[in-house]
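Sequences are here, hints too, so could you generate the full structure?
Listed here are the chains, written in short residue letters.
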Amino acid sequence: AQTVTQSQPEMSVQEAETVTLSCTYDTSESDYYLFWYKQPPSRQMILVIRQEAYKQQNATENRFSVNFQKAAKSFSLKISDSQLGDAAMYFCAYSINAGGTSYGKLTFGQGTILTVHP
Amino acid sequence: GAVVSQHPSRVICKSGTSVKIECRSLDFQATTMFWYRQFPKQSLMLMATSNEGSKATYEQGVEKDKFLINHASLTLSTLTVTSAHPEDSSFYICSARWGNTIYFGEGSWLTVV
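Heads up: the sequence lines are chains A and B, in that order.
Take any residue in the first sequence, note its place counting from 1, add 8, and you have its number in my numbering.
Take any residue in the second sequence, note its place counting from 1, add 1298, and you have its number in my numbering.
Hints were generated in silico from the structure; no laboratory data involved.
Among the clues, some could well be false.
As the list claims (entries may be wrong) - To give an idea of the interface, some chain A residues facing chain B are shown, with a C-beta separation under 7 Å as derived from the structure: (1) Lys113; (2) Phe116; (3) Gln118.
Because the structure is a prediction, the values reported are computed rather than measured.
All C-beta atoms, glycine included, are put in the ideal place defined by N, C-alpha and C.
Dropping the structure here:
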């Protein structure tokens, strides 16, 4: 079974600074996707970034980037130039890419609450 | 606008009654939808995979008879919490896949009193 672990229940950062959220996972599969989701108080799930396991290049989306270490099964999220609107719960998630109905079936980490100080 | 819509967003029901939550894909046909449950300040736990035209696949530990899932059309999956009890109070959220993109509904708060 796949597992996703976020070891930081809470993190804080000053506005305009950089913060890194950690995530490790365990799987025996070779083809899978990793995700970071943001969940604000509204509880809406917002995709921050997605990484395909067979792509060695780290995904980036504007101020958000990941450090994907496949051998170490590590998938950290770096938020640069943090903004007040970045404050939320962040979830790391995993999905197998079996090409069938299994894709999209997400295993989530425990979540990290990010606080941004002005 | 929302690509996946859930209804109702909030519902309060009496203990012992049943309540239905709908998950609709608005702009695409979803043969597979997923239902998650989230307790306050906790992670999302997959409850079941909803398959159009066939029985749902439940995760270990999820009571099939309590959480009835029906995927009667390519755009609608429903979760019915039967004989609800206060411990069923939670946030329920669905998702649907279209191509390589996963869309989440807005979620539904269930309070059982």
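Hints and how they fare:
{"no.": "1", "hint": "Lys113", "verdict": "6 Å, holds"}
{"no.": "2", "hint": "Phe116", "verdict": "5 Å, holds"}
{"no.": "3", "hint": "Gln118", "verdict": "5 Å, holds"}
The earlier numbered hints are all upheld by this structure, with none contradicted.
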